[in-house]
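Spelled out, the chains give:
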Amino acid sequence: MSAPSDTAADRAAEPAIPAIVVESLVKRYPHRPTNAVDGISFTVAYGEVFGLLGPNGAGKSTTIGVLTTRVRPTAGHVWVAGVNALRRPVDAKRWIAVVPQANNLDRSLTARQNLLFHAAYHGIGGRQAAQRADSLLRQFGLEDRAADRVDRYSGGMAQRLMIARALMHEPRVLFLDEPTTGLDPQARLFVWDQLRRLNAHGLSLVLTTHDMREAEELCHRVAIVDHGRMLALGSPDELKRMAPGENTLSLAVRLDSAQTGAQPEGLLARLRELPGITGAEREDAVASAEGGTAGPPRGQASPPAPEADPGRVVFRLYGEGDPLLVGAAARVVSDAGFDLVDIRRGRVTLEDVFIHLTGRGLR
Amino acid sequence: MTAASPVPARNLRWAALTALFRRDIVVTGRELWAFLAQVLLQPLATLFIFGRVLPGIGMASPQYARILMPGILVLTIVLTALQSTAMPLVIDFGWTKEIEDRLLAPLPVAWVALEKVLFAAARGMVAGAMMIGLGIVVVGAHSVSLTAANLGAVAAYAVLAALVGGSVGLTLGTLVQPQQLNMMFALILTPMLFTGCTQYPWASLNHLRWFQLLTLLNPITYASEGMRAVMMPGLNHLNAVYVLPALGAAIAGFGWIGMRGFARRAVG
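Chains as they are written, first to last, in the numbering used here: chain R, 1 to 363; chain P, 1 to 268.
Read the hints as simulated data drawn from the structure, not as lab findings.
Careful: at least some of the hints might be erroneous.
What the hints assert, rightly or not - Some chain R residues judged to face chain P by a derived CB distance under 10 angstroms, without partners named: (1) E23; (2) Y29; (3) P33; (4) R87; (5) P89; (6) A97; (7) N104; (8) L105; (9) A119; (10) R127; (11) A146.
To be verified - Covered by chain R, according to a simulated footprint, are these stretches of chain P (three or more residues, beta-carbon under 8 angstroms): (12) 48-62; (13) 172-178.
The beta carbon of each residue, even a glycine, is placed where N, CA and C say it ideally should be.
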């Protein structure tokens, strides 16, 4: 793809031009042995919600950094709203907005001033900016605190204000880096609702997350990334079909091998022979407890950390159609000389796909 | 959600730059008293002790206040401009990341740095103007050698001093990490304070040659000497033939290093 001529692309978003084009993107930071981003390519259509899903350090934020002109890539090409973002970063910045992972609000200003100055940086002033600021403050439930200095804002309020700020100059693509990490469940649902609403009005969203529920809830398409590479790309449903089955059965077992001499590998083979099983894997020790949502749990009972119990092993069975045979699986476990400590049945999630692709959990 | 921006691309850069200045004016205005206390108290105390108290108790010549005044004026301007760039940059880049919203504004990243330097220089000039007023109060109008004849030259050296402070501040602000701030004050600002020929004319150091040579490494020396030459032409001074190129070189050199540092911190 070649860069479209400036003004035509800048004036109007033509449906034929994707919102984002990324070609063979590579980024290696100085003095690092490996590439942070290692040859990623994708496109995002206008009106799409596109997610980059992967664990911390996968290269998601670096990719967003390049797309938002804040990171200079080692190789590759990037077009944002039809503008070559590497050659013409100033023009690209007109059409994008960023909601960063950490609070970067201007603490010397009030909430309303944060919005007004952001608009001014983008050439929007006067009554137009004031009206838009007031309407966004209302929309994000901040009108009562509009005159407060933002250093008095809670994390959730700061996040809402940063989204409002990003919308002040009416961008075409909104980038959100881990938009709900660290938010309480209520604040998180509010942010999700707002993002869905913005997308319904036509705004393209690109978000990074290590939270598979967030990716499933919000994204039309998800790229699964790990170690700077894209492992899979598709709609959440398409990705879930990459798992060996549509139902899962997770068995957490504990082994007292001194007593029985039984080996986990033998158990895995016997589980695989159960009727209806289409796949069976052993999770790495670093894998997270499945079914939960990512991010620091706040006020919720957190699952026991795997490393706290070195004898604990988690097996994951996949199957099609009927719910998997819990009783039969439990019998196989106890016959093999293991203690069954937890059992969970569920539908395949994106995290299962990630574990299937990498052998590791998302956190 | 795709309303076209109403401003053409070229003008947008200038609109954004203007908005950066307005933001800094609003923030400075809000913290005006803190700003004035931060930049004026220390030079004011120096001027009072060395220009008023010591001559008053006979431990310094009555003329000394006149010699001190140009140096204190330069010191106020340079340090104000320096701190106005260095401090916010160290904190913004290292900790609060507040500057990110401005880096994402549709103007070249270098312009954001340029605005920082120019605004800091303006703050230095304001502090300098206030220092002249305070100097008249503290050591008397006869000791502040400002006349209609030298006003233009004093203003010109004030601008140069302010730009030196702003560029050195840009360099420090992009090189120093937040946890090194204390070290910056101890190892960089304090030596700058005392080796800049602000409290003594350069020519008077003839008998202390090694120290005289050392002061030549401090750009404040050239600003002090230039300022003292226009305010007290009767004394011996470093020649303007050396002073002006040295100030130009300091602004260009530190400006260049600072701009590179800024670009490195702004774009990873």
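Evaluated hints:
{"no.": "1", "hint": "E23", "verdict": "20 angstroms, violated"}
{"no.": "2", "hint": "Y29", "verdict": "7 angstroms, holds"}
{"no.": "3", "hint": "P33", "verdict": "18 angstroms, violated"}
{"no.": "4", "hint": "R87", "verdict": "13 angstroms, violated"}
{"no.": "5", "hint": "P89", "verdict": "8 angstroms, holds"}
{"no.": "6", "hint": "A97", "verdict": "8 angstroms, holds"}
{"no.": "7", "hint": "N104", "verdict": "4 angstroms, holds"}
{"no.": "8", "hint": "L105", "verdict": "7 angstroms, holds"}
{"no.": "9", "hint": "A119", "verdict": "9 angstroms, holds"}
{"no.": "10", "hint": "R127", "verdict": "13 angstroms, violated"}
{"no.": "11", "hint": "A146", "verdict": "16 angstroms, violated"}
{"no.": "12", "hint": "48-62", "verdict": "violated (count 0)"}
{"no.": "13", "hint": "172-178", "verdict": "violated (count 0)"}
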